Amino acid sequence: MDCDICGKKAKVHLTQLVGGQIKKIALCDDCAKEKGVTDPTGFALAEMLLGKTPGKVVAPVPPVVQGFGRRCPECGFTLDDLRRIRRFGCAGCYTTFKEEVNQMLRGMHKGSKHCGKVPAGLMELHERTQRLEELRGRLDQAITSENYEEAAGLRDEIRQIEIKTSTRSTERP
Amino acid sequence: MMRFTTLIKNPADWMTGEGADNAVVLTSRIRLARNLRGEPFPGWAKKEQRRQTLEILRPAVENLPCMKDAFSQELDDLSSVQKQVLVERHLISREHAARGEGSAAVIERRQSIALMLNEEDHLRMQAIRPGMSLRAAYESLAAVDEELEQSLELAFDHDLGYLTTCPTNLGTGLRASSMLHLPALVLSDQIGQVLQAVNKIGLAVRGLYGEGTESLGNLFQISNQSTLGESEETILRRLERVIAQVATHERNARDKLLEDDPEMVSDKIGRAYGVLRHAWIIDSKEALNHLSLLRLGGDLGFLPQETVKSCDALLMDIQPAHLQLHSGRKLTPEERDQIRAEIVRSRLQTLEAPDIRSTRKKNGNDPDPEIL
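Heads up: the sequence lines are chains B and Z, in that order.
Going by UniProt numbering, the first sequence opens with residue 1, and the numbers climb by one from there.
Going by UniProt numbering, the second sequence opens with residue 1, and the numbers climb by one from there.
If you are wondering where the hints come from, they were derived from the structure by calculation, not from laboratory data.
Check each hint, because a few of them may be wrong.
[Unchecked claim] For lysine-lysine, the following DSBU-like pairs were computed, each having C-alpha atoms within a straight-line distance of at most 35 Å: (1) B:K98 <-> Z:K47; (2) Z:K268 <-> Z:K68; (3) Z:K68 <-> B:K110; (4) B:K9 <-> Z:K68; (5) Z:K330 <-> Z:K68.
[Stated by the list, open to error] Listed below are several chain B residues computed to face chain Z (Cβ distance under 7 Å; list not exhaustive): (6) T78; (7) C90; (8) Y94; (9) N102; (10) K110; (11) H114; (12) C115.
Fair warning: this is a prediction, and the values are worked out from it, not measured in the lab.
Every residue, glycine too, gets a C-beta built ideally from N, C-alpha and C.
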């Protein structure tokens, strides 16, 4: 079977649902790579077929237009690399490119905050982080409602947890 | 450590095992993606860095209790046919097979747990079971994950969960999937509707070899798309519920086909039997599609129940790399088609022709001869 785009020998065969109909498309290696078909979230076959974005398909990683010069201090990865390979360089990239990651995650998953399993060694720290977040939320509320007595209590509790966390900050990934 | 030939000599437990709801759900698979803290991801790492990561990962993985006497090999030390056989058995991914230096596979002896080292992520762990058994598969893999956490420092963020090379796997790093055999939904033109519904609730549907592969032999893989923002339990529960519903639809469609159009079903199964028993040249696509119908025949009682098992084993054994391994030499596509036909014929040698009438009677579709 030939590639539906360039006519070369097709290697990748996709079956996707478009408007209730099963659509099949055959792509050669090059076109598959260009269209980002190797990504697990799939790609917008409908748009490709309808030609809404000629020669370019909406890929799961949206193009990032700013800050190309920035580099991950841990692995040297740049945003330009991200646009090219659509994968990150190391775990540290998630901190370096935090804003871009947050943008990217919108609509990609059911939520934006992890609520699954936590490595056993990090459980205590994880619980403390979650508790801090909850307390900070309550503190904001207390200040808004001018409940200063409660706010002071919450602030003290937050401080205590922060001190504990910073003394064990080496645990933090 | 186990040799490649020993590993592959026997079919995997999940290929021939009888799992719950086996007539519709062939296998249940769980994959977890994990990375080491402070090491560049495999696709970005330099060769020496990949080797360094492998040196940390490999002993940790080989020391797992479940990996006693396991198969453990660097991919560079395997031939391309051997790697392809592992892909056909779903023990490594196509992407992993294409990886160069510093990648390895560690596979438990019964092939139900397989770990890919330096694939897209440092560690991709997989558990696979026969039938509808996502939970059992998850539990066995979660135990492996917990063991590994004792010896490895994993990349984890309190907001984003397990950090993965691609943001599509963030959070739980969990991909759960089941392979479903849905011939009746295809025959009755309901498949589009059903799969659309599955897609709508955020689950992905793919072909036999996962992403980017064609659906052959009426086999469809259903898996979760989202990995962040939900717990493993929520992901599994939704998938289990949807798969059970699809399986029920398929069973209803099978009953209805027998009721409404028994001639068509009998004809399809009879023809599939004819071709598979008597073909001398058969390509993989044709073989898979006919095996699917024969499998359906086994489930509907047109053929002995064991036919389902024979078909499942053949699904794997007629794949190109398995054929080359079987003949011990490189085969041209024409030779493959001949050897494939030969293997199918010999395996089905003792299978008697489908008994159409007895089935129809069993299903109450035969007109009473007294009335005629």
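Closest C-beta approach of H114 of chain B to chain Z relative to 7 Å, hint status: Holds, about 3 Å.
Would you check whether N102 of chain B satisfies its interface hint, that is, whether its CB is within less than 7 Å of any CB in chain Z? violated, 10 Å
Given the hinted pair K98 of chain B and K47 of chain Z, is their alpha-carbon gap at most 35 Å? Holds, at roughly 27 Å.
Is the Cα-Cα distance between K330 of chain Z and K68 of chain Z 35 Å or less? Given pair K330 of chain Z, K68 of chain Z holds - Cα atoms ~33 Å apart, limit 35 Å.
Min Cβ distance, K110 of chain B to chain Z: is it shorter than 7 Å? Since the shortest Cβ distance to chain Z is 4 Å, the answer is holds.
Does the alpha-carbon distance linking K9 of chain B and K68 of chain Z stay inside the 35 Å limit? Not OK: K9 of chain B and K68 of chain Z at ~44 Å, beyond 35 Å, violated.
Can Y94 of chain B be said to touch chain Z, with a Cβ gap under 7 Å? holds, 6 Å
Within a Cα-Cα threshold of 35 Å, do K268 of chain Z and K68 of chain Z meet the stated pairing? violated, 46 Å
Against the 35 Å threshold, does the CA-CA distance of K68 of chain Z and K110 of chain B hold or violate the hint? violated, 38 Å
With a cut-off of 7 Å on the beta carbons, see whether T78 of chain B makes it to chain Z. violated, 11 Å
Is the hint on C90 of chain B kept, meaning its closest Cβ partner in chain Z is under 7 Å away? holds, 4 Å
If you take the shortest Cβ to Cβ gap from C115 of chain B to chain Z, is it below 7 Å? holds, 5 Å
When the structure is compared with the earlier hints, violations turn up for hints 2, 3, 4, 6, 9 and for no others.
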